[in-house]
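J.: Spelled out from the first residue to the last, the chains are:
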Amino acid sequence: MSYKCSRCKRDVELDEYGGVRCPYCGHRVLLKERSRDIKEVKVE
Amino acid sequence: MAEEFDVEFIERGDRSARFLVRGLTPAFANGIRRAMIADVPTLSIDTVRFIENTSVMFDEMIALRLGLIPLTTPLDDFEVGETVTLALDVEGPATAYSGDIQSSVPEVQPADENVPIIELKQGQRLEFEADAVLDSGKTHAKHQGGVAVGYRHLQRVEVVGDAGEFEEQEPNILRGVIETEDGELVNADEFGNDLTQRYPGKEVEVHDVPGAFVFHVETDGSFSVDELVLRAIESLDLRAAELEEKVRV
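In order, the protein sequence lines correspond to chains A and B.
Numbering-wise, the first sequence is residues 7 to 50 according to the working numbering.
Numbering-wise, the second sequence is residues 19 to 267 according to the working numbering.
Because the hints were derived from the structure by calculation, they are not lab data.
In this text the structure is predicted, and so the values were computed from the model without any measurement.
Hints are supplied without guarantee of correctness; some may be wrong.
[Stated by the list, open to error] Restricting the straight-line Cα-Cα distance to at most 25 Å, the calculated cross-link-like pairs of lysine-lysine (DSS-like) are:
(1) A:Lys48 / A:Lys15
(2) B:Lys264 / B:Lys156
(3) A:Lys38 / A:Lys10
(4) A:Lys10 / B:Lys156
(5) A:Lys10 / A:Lys45
(6) A:Lys38 / B:Lys156
(7) A:Lys45 / B:Lys220
(8) B:Lys156 / A:Lys48
(9) B:Lys264 / A:Lys15
[What the hints assert, rightly or not] Between beta-carbon pairs, the in silico distance windows are:
(10) A:Asp17 / B:Asp107: 43 to 49 Å
(11) A:Glu39 / B:Glu260: 30 to 36 Å
(12) B:Gln120 / A:Arg40: 21 to 27 Å
(13) A:Tyr30 / B:Met75: 43 to 49 Å
[What the hints assert, rightly or not] A few chain B positions that, by computed beta-carbon distances, are all more than 10 Å from chain A:
(14) Arg67
(15) Phe68
(16) Asp77
(17) Gly85
(18) Glu263
Yeah, the Cβ is synthetic: ideal placement off N, Cα and C, and Gly gets one too.
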């Protein structure tokens, strides 16, 4: 899972045991980035 | 029907026209109207592959807007169901317009260059690839080539006498096209849709002319009005022929 720290703006990889916390600055607010996949949408 | 149709143009432009047809039944006139709306296929964006969308709108909302952009459609080169690939890449601060869309086929382009898709602020970007598919208005309204297609009876205006000298002249509002006593066709717009402007101080009678219909046809820019009307009639012709064949067996 890739997130972005809302304070230091760095990319954060979260593992299962680390809890929700930025390893660089300790901030607890992380933002989920949009995936870089190509998204296909049907026009309805 | 053995009698011939008599067609006369009142206005004729690339995207809109007004013409009179004599010798039609109301059912047939309506058949032509419906064929122009639902049976003439146009290209329209059907699937969008978003590579990047950091704009303020969801992918689905942008896709819906893209579907409604009219694309020029060379009907001789495409069969229903065939696709054309289009692409767009715009980075803010800018507004993404339909004119920014790049097409893989030079004949297929956005019919208008100035349809806004979305306004992008600094750092926002919209990039996608899209497939436009040829289909008819029956499937989805975005495939309608004819917009604002309709007809009215031709109205014949006869002067029956003078209005009373001290009678108050109330506006006599009328829309569509009139036929004067000497057979001249006049669009009611020309005299402000008010018969008292054209015949001041006269008393007039207005009658529908049987079997005479004035069509007003506008296209979304996918093709010319001529093409739209001819294709609609061709589709009626094909279906009539098909029916004839099936009945005969």
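J.: Compare the structure with each hint and give your call.
T.: Here is how each hint holds up against the structure:
For a cut-off of 25 Å, the pair hint linking lysine 48 of chain A to lysine 15 of chain A is broken: about 33 Å separates their Cα positions. Between lysine 264 of chain B and lysine 156 of chain B, the direct Cα distance comes to roughly 23 Å. Compliance with the 25 Å bound is thereby established for this hinted pair. The straight-line distance between the Cα atoms of lysine 38 of chain A and lysine 10 of chain A is roughly 6 Å, inside the 25 Å bound, and the hint therefore holds. With a CA separation close to 47 Å, the supplied pair lysine 10 of chain A and lysine 156 of chain B exceeds the 25 Å bound.
Distance check on the hinted pair: lysine 10 of chain A and lysine 45 of chain A sit about 21 Å apart at the alpha-carbon level, within 25 Å; holds. Pair hint lysine 38 of chain A plus lysine 156 of chain B does not hold up; C-alpha atoms about 42 Å apart against a cutoff of 25 Å. A hinted pair counts as satisfied when its Cα atoms are at most 25 Å apart, and lysine 45 of chain A with lysine 220 of chain B does not qualify at roughly 68 Å. A C-alpha spacing of about 18 Å is found between lysine 156 of chain B and lysine 48 of chain A, which places the hinted pair at or below 25 Å, so the restraint holds.
Distance hint between lysine 264 of chain B and lysine 15 of chain A is unfulfilled; the C-alpha atoms sit about 70 Å from each other, more than 25 Å. Here the CB-CB span from aspartate 17 of chain A to aspartate 107 of chain B is close to 24 Å, at odds with the stated 43 to 49 Å. Hint check: glutamate 39 of chain A to glutamate 260 of chain B, Cβ distance near 55 Å, so the stated range 30 to 36 Å is violated. One distance hint, 21 to 27 Å for the beta-carbon pair glutamine 120 of chain B and arginine 40 of chain A, holds here, with the actual separation near 24 Å.
Restraint check, tyrosine 30 of chain A to methionine 75 of chain B: a C-beta distance of roughly 32 Å breaks the suggested window 43 to 49 Å. Distance check for arginine 67 of chain B against chain A: the nearest CB is about 5 Å away, which does not clear 10 Å, and the non-interface claim fails. The claim that phenylalanine 68 of chain B is not at the interface with chain A is violated, since a C-beta of that chain comes within 10 Å of its own (minimum 5 Å). Distance check for aspartate 77 of chain B against chain A: the nearest CB is about 5 Å away, which does not clear 10 Å, and the non-interface claim fails.
Glycine 85 of chain B, annotated as away from the interface, has a beta carbon of chain A within 10 Å; the closest lies near 4 Å. Annotated as non-interface, glutamate 263 of chain B keeps its C-beta farther than 10 Å from every C-beta of chain A; the closest such distance is 36 Å.
In summary, the numbered hints that this structure violates are 1, 4, 6, 7, 9, 10, 11, 13, 14, 15, 16, 17.
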